[in-house]
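**Student:** Sequence:
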Amino acid sequence: MKESNTWASLSSNEKKDTIKDLAAPFFINNDEIEEIIDTFKNSAP
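Just so we're aligned, residue 12 is where the sequence shown starts under the working numbering, counting upward by one.
Hints in this document: simulated from the structure, not taken from any laboratory.
Positions of the beta carbon are idealized from the N, C-alpha and C atoms, including for glycine.
As a list, the in silico PhoX-like pairs of lysine-lysine whose alpha-carbon atoms are at most 25 Å apart: (1) Lys27 with Lys52; (2) Lys26 with Lys52; (3) Lys52 with Lys31.
Quick list of the computed label-pair ranges, beta carbon to beta carbon: (4) Ser20 with Phe51: 13 to 21 Å; (5) Asn40 with Thr17: 24 to 32 Å; (6) Ser20 with Asn40: 25 to 33 Å.
Full structure from sequences and hints, please.
**Tutor:** Quick look at the structure:
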């Protein structure tokens with residue numbers, strides 16, 4: 012990921028990948044991460 016990119020400028024897939032990369036060490040599998048991402052997505056205004 013480039014330093015110049017801001018969170019707002021990333022596509023939702025890029026955001027998803029970034030969250031997965033950051034969250035990976037804390038979760039056993041990607042399904043849990045997907046679930047959390049979907050929860051955030053659905054709760055966003």
